[in-house]
Structure formats: C-alpha cells, structure tokens
Amino acid sequence: MNLDLALSENDKMLKSVALDFLKRDAPKGVIQTLQESDTGYTPELWQKVVEMGWLGMVIPEGYGGFGSGLTSAGVLFEALGSGPLPGPYYASGVLSALIIQAAANEAQKQQILTGIVEGTRILTLALTEPEFSLEPESIRTTAMPQGGYFLLNGVKLFTHEALAATDLIVVARTGQGTVGGEGLSLFLVDRQSAGVKVRRLGGYLAGRTFEVRLEDVKVPLGNLLGGIGEGWRPLQQGITQAIPVLCAYQAGASQAVIDQTLEYSRIRKQFGQAIGRFQRVQDWIIEMVNLADAARLMTYEALWKLDTGRDARESVHLAKAAASEAYFEIVTMAHRVFSGISYSSEHPVSFHTRASRALYHYLGDPAYHRQQIAKLLT
Amino acid sequence: MDFSLEYTREQEEFAGEVREWLQANVPPDLAVITDPAQMSPDQWQKRRYFVWKLGQKGWLYPAYPLEYGGGGLNGDLCYVLTVELAERGLGLPPLYDAGVLAAPTILACGTDEQKRRFLPPIFKGEKLTWQLFTEPEAGTDEANQQTNALRSPAEQEYFMINGQKIFVGSFPSQPEQFFLLTRSDLTAERHKNLAVFLIPANLPGIDVQPLDLFVPGTFYEASGPTMASSEGTKHSVFFDDVKVPESYLIGGDHDGWKVVNAALEIEHTGTFAGLIGRNYSAEKFLAQIKQNPQIAQRVKQNPLLLETIVNIYIDAQTERLFSIRNAWQSLNRQSVPYTGPQMALFSKNFGGRFMAGSLKVLGPYSLTADTQWWLDNGIFESGQRSGVCFASGGTPEALKIGMARALGIGR
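Heads up: the protein sequence lines correspond to chains A and B, in order.
Residue 378 is where the first sequence ends in this note's numbering, and the numbering goes up by one at each step.
Residue 789 is where the second sequence ends in this note's numbering, and the numbering goes up by one at each step.
Source of the hints: derived by calculation from the structure; they are not laboratory data.
For each residue, glycine too, the CB sits at the ideal point set by N, CA and C.
Treat the hints loosely; a few may be bogus.
As the list claims (entries may be wrong) - Cut-off 25 Å, straight-line C-alpha distance, at most; resulting in silico cross-link-like pairs (BS3-like, lysine-lysine):
1) B:636 <-> B:493
2) A:375 <-> B:662
3) B:502 <-> B:431
4) B:570 <-> B:636
5) A:48 <-> A:23
6) B:678 <-> A:375
7) A:375 <-> B:738
8) A:197 <-> A:269
9) A:375 <-> B:505
10) B:570 <-> B:505
11) B:505 <-> B:493
To be verified - Just a sample of chain B residues kept apart from chain A, beta carbon distances all over 10 Å, derived:
12) 382
13) 395
14) 406
15) 410
16) 419
17) 422
18) 441
19) 487
20) 490
21) 516
22) 519
23) 624
24) 674
25) 688
26) 745
27) 786
Construct the complete structure from the given sequences, taking the supplied hints into account.
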C-alpha cells in the first residue's frame, strides 16, 4: 500500500514558510487590526502574499498559477489558520478560482484567473440570500436579458469579503426551474457597478460578512460564466473542491488554540499548582485534541480523494461537518480553561472566537453537511 | 499525503498465496463468533488447531524475527495477512492470546536465553498466553499488586507465589502459560516492588475459576476484524504456594513496573489490524437502516433518529482514521505518545455511544437473542451487553490519565 500520512518535502517547506510569514508579518496586534478592518488585508500584506504565489496554488500553470494541488493548498491554509490570518485569500485564491475553472469559458479563464494570481482582481462568492440556505430553491435573485446586458436584481446576504472584492460571483435565476438548480446562472459582477450596494453586517462575531443589494445592475453578456441556466453544477463542483481547504484553515486554527491552551494550563497556577494538573481541566483539553485530530484527518482524506480523482462527496461533507464543529467547540472549551483573561479582545484566543463563529456557516454549517450525509445513509 | 490502502503488485501476489493457503487450511465449518463466551468446545478446538497451523506457517506472528519462529515479513505483507483473515471474519491472532503483549516485552526485556526459550512456542502457536495483571485491589491502580512473588528463604533461586488475579483470560479452556505481574518486595517503595513472570499455567497450586459475567468483552473487540480474538469468558486465578524458578522472571526482580509499562504501551498502540480501518458492526448497523424494511420504517416515522445515525457514522469514520493513523505511526516508528491512549479512549467511548444509539434506532430488536427476531445473528444483542463494559485494557478515565501525561499536563 502507498499509505503515507506525512507531508511531502515541498509541503513541509510551504508550511514552514507560511508560519514564518505569520510570525514576521502578521503578529498578534496585526491580526486584531485586520479582523476589525472592512477588507481584512493591507496593500503591503496583499502584495507579499501575491509575491509568494499563494493566490495561484489551485490555478493551473497555463493561467499563471502553480497548479500545486488541493492538498498543498490545504497545507498552506492550515498554517494560515493558526494566525488566524484574516483576508480574502481563500475567497478569491481558492473558492472563486475553483468556481471559475469549473464554470467559465477559455477566454474568461485566461483573463480572470490571471487577475486572481496577480492579485489585481479579488473575487468572492455571492450565493446565499435572506432565506439563508445552500439549496438552489432559496435563490430569488433574478437576471433578465435586456438589450446588451443582463439586469440583476436581488439581495445576497452573509456574503464573505464583499468589500475586499473587486468582483462578485453572483448566483441568479435566469429561468423558472426549481429542481436541482435548474435555471440558475453565474455572473461575474464588477462590485463598482451602478446599483451594487454593499453593507457590512454588524456583530463582534459576524466576521466580514455583508449584505449585497443588486438593484437593476447592468452586467455585460460576456460576464455570464458558462451556459445560461447551467450554473449550479459547476458551482457545486467548485464548492466541493474548495470546502476541504477551508476545513484545513479551521483545523490549523483549532490546533493553534490547543497549543495555546496547553501552554497556559502548564503555567497558570491556582490552589498552588498548574491548572493542567486538574483532571477537570484535562478533560476539556483531551476533548479538544480529539476533535481537532479527527477534523484534520477527515480534511486531508477529502483533499487526497479530490487530488486523486476519487469520489469525495461523502468525505467533503464529513470534513466540513467535523471542522466547523471542532473549531467552534475547541474555542469554547479554551475559554473554559482560560476563563477571565481570554475575554479580552486583545487576547489571541478571542481572534479564534471570532473566526470560529464567522466560518461556522461558510459553505454549509454542520447541520447542512450532516443532512447531506443522512441522505447518503438512508 | 496518501490515504491509499490498495495493494501494491507485491502485496497482490502475496495475497494470492495467502488466499490459497487459507482456502486449504481454515476449517470449512469454523463459525463466525458474535459472542465469544458462547463458543462451543468443539469450535474452540477447531480454532485452536487453526491457530497452531498458522503458527507453524510463521503467519501467527508474521512481523517477528524468523530466528525466533516469527514470519519475518515486512509491514506491507503483514497488512495483507490481516486483511485476508478479516475477509473471513478472523482476527490475527484468531484467538485471545496475550502473546501479543508478552512477546514484544520479552524481546525488549528478556535475556537471550529467554528469547530462545519463550518466543518460538508463542510465535508457532504452540502455547497460548493469558495476561494476569488485574487483581481485586489492582484495577486501574495497577501498581497496587497484592499477589506476592517472594524469594523462597530455603532456595533463593525460587519464588513462592501467593494471591489472586481477577477478570483475566478467555474461553473456558486453559492456556499453556501466564504473563504475570506480582509484588516481589513487601517493603520497597511503590513501583520498585514489582516483578513480571512468564510461567506455565499448570504448576501445582494454581486454580482457575470462570466468572459469571454478562459482558462478552469490549464491543470494540467484538465489532472489528479482531472479533475472533475478543476475550469471552473471564476468570479468577488463585495462587497458593506456587513455586517458580528464577528463569521465568522477565527483567529484574524489582523492574516489574518498567516491564509492564512496555507491555501496556503496546496494548494501546495501533496494529496492522488498525489499517483495515473498518468497523464491521457499524457497517452492519448502517446496512440495517438501508436494507431492513422494519428499521427503515422506524427511521421514516421518527426523523429525530437521523441525527443519531449520522452521529454513529461520524464516530465510526473518526475511529477508522485514528486507527489508520496509529497503525501508520507504528509502522513508521513515528512517536506521538498520546495517540495510543487517544485511540483506545475514543473507541471505548464510541462503543458506549454506538450501543446507546443502536438501542434507539434499532429498537427492541437490538436486545433480543431470539433466533427468529434478532438482527444479524445477534451481534447487537451481544453488543448491547458489551456497551456497558469499559474496563478491559483500562477504563476511559485511566486512559485519560495516560493521555494527559503524554500531553505534558498530567502526572
């Protein structure tokens, strides 16, 4: 058998470069500022990431990328999750890049993917709406052909990174079908277009999620991605490939929280001894380690299946159900161990509190993915 | 990373050889056992003979050195053997045998003479071993041994053993030898007062009595490809002035704690069986939901049960991945000390959750051993009984202590 659970030499190097980058360019104070900002990045940081080539990990060489494969992208985002480094790197360089590859025609790919790699374009997916759901029936946004344009109307809600983005991938209804994504199309919408109104949603734990209103937005015919009414299938393909990379970010973040908690439980003393000596405290830490290890293994198995062309649907649902839940629970358990000190918004655990909540529903929450598993089991 | 467990060409060739040999040597009427405590003497004899044949072939302990009667096979080929046996519902070894603990311990702590004397009979399937560690007052507190092995005042090269072991052994048939933990010094401090022996089971003064227990062994063992090695009937063993020569002592007469910890680490580490990564009981549970109209109807009528089903599925996947990881670590000599107790802890707790969940989902069908109405030859009935058994190989609470220690926070 070829079983090998070690990282390849290249991936080990990638991981170490990414961790060095975090230490040097995105220490504690920077993470906090970035989390609070509307775009999640600074131009200097963005440029550095572009120069490392990290926005082209999943983009083939023919489009200016590096074609490193999803597993390597997972390794990178697992490392970045330990920050947790905020920003539109995943939304643009992974999720959107994969959707564009699945949906767009050749000319569009040349133009858009090159822009993503070079960092001149930042894309994000505008999928969910006020009836928050990943099911196609929930999409009410319409796109009507009118003259040389499509006219888009609707509201996208809980869109991640919309203010960082130069372009939105908008899922809209071009036909009346209601079954299995029939009649849904994908559009690349310039965020600066007239009629696009973006508003950040308040809430300490809401992350950078936005309401995007589309009011008679004129989108050129050439910005239709793929066939008309045929957007749902490539969208699902791109999302399925992208999910485990997000899970890797959550797994890396979870491990960082565990490392901090272990360290604290060794130095914090109460009743004259390190709190890690108390079995009640150990119970939480053991549970944290178990959740994180399971999520990480599920994530890398899903990535491996995708990279080797195996059927990965079940593994992808499993990975996201586990990784979202693990990150959420691990942070909560860390707060039990740290208690008072971790409620400060300057405390590193609090960065993870925000990220774990904000990413919980991104591309499907555990309830959604568990439901998909249930469908496969019954 | 590569999660692939598919055979290479070399493995495929060896698998052909193994299948042919198994076809010729597994007794055709060897039953698949769901409750080892119910195994008939006739079935036990068939299994015992098969174990001997496997041992003579070198495939009972395939990873161990040829010079001591092992198979001398590499990890890839040991994996093939494990898979091919599992395909027939057989574990490796296919009977309870604490040789799996005694042999590596002897390799690590025994003298050269002891290796030559003790290892070949274990590896060749000639002697089965019971692990005799647990006592009435030494359960989780394993160091609190009350069974004394004291040097005979008259003959210093002999030990006199007196005391009682409990919850040990397997089927209602005696093994050839005991892997025994004792107290060798009444005054030395804790952990420095112990000694380990490998002794014949038929010495004068030894009395073995079966216990009347309703649990058939941990469900984890009864569920996986190792089901046939699950432990079945447990016993008390009494020692009354049992005289043992010094040549049966493994390690020094005050080194027992070191020796026993080498064994316990092995008990909690992954094996080749872990690579199979399948939980046959969970597979049978999920098959009931898809294929048994009565169960499918229950689930349809009460959608709340779906949550329980998905929980069991996710747990089973976690168990599979942990066991593959541990096996890979041990094959590659990777040391991550907490993963051993983590795996054992997870499996035990999952066993409990699995049985609680299958009680809900499968309903009263999961409780009956009635041959007309049971499910899957009663594996859920025996499973429900095991669902309350957390002791074997260390309670979850004890495993947590080990895990916390390995994480650098516990004592």
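Tested hints:
no.: 1; hint: B:636 <-> B:493; result: holds, 18 Å
no.: 2; hint: A:375 <-> B:662; result: holds, 18 Å
no.: 3; hint: B:502 <-> B:431; result: holds, 8 Å
no.: 4; hint: B:570 <-> B:636; result: holds, 9 Å
no.: 5; hint: A:48 <-> A:23; result: holds, 14 Å
no.: 6; hint: B:678 <-> A:375; result: holds, 12 Å
no.: 7; hint: A:375 <-> B:738; result: holds, 19 Å
no.: 8; hint: A:197 <-> A:269; result: violated, 52 Å
no.: 9; hint: A:375 <-> B:505; result: violated, 50 Å
no.: 10; hint: B:570 <-> B:505; result: violated, 30 Å
no.: 11; hint: B:505 <-> B:493; result: holds, 14 Å
no.: 12; hint: 382; result: violated, 5 Å
no.: 13; hint: 395; result: holds, 17 Å
no.: 14; hint: 406; result: holds, 30 Å
no.: 15; hint: 410; result: holds, 25 Å
no.: 16; hint: 419; result: holds, 39 Å
no.: 17; hint: 422; result: holds, 34 Å
no.: 18; hint: 441; result: holds, 15 Å
no.: 19; hint: 487; result: holds, 30 Å
no.: 20; hint: 490; result: holds, 35 Å
no.: 21; hint: 516; result: holds, 21 Å
no.: 22; hint: 519; result: holds, 15 Å
no.: 23; hint: 624; result: holds, 41 Å
no.: 24; hint: 674; result: violated, 7 Å
no.: 25; hint: 688; result: violated, 5 Å
no.: 26; hint: 745; result: holds, 23 Å
no.: 27; hint: 786; result: violated, 7 Å
Going through the hint list in order, the structure does not satisfy hints 8, 9, 10, 12, 24, 25 and 27.
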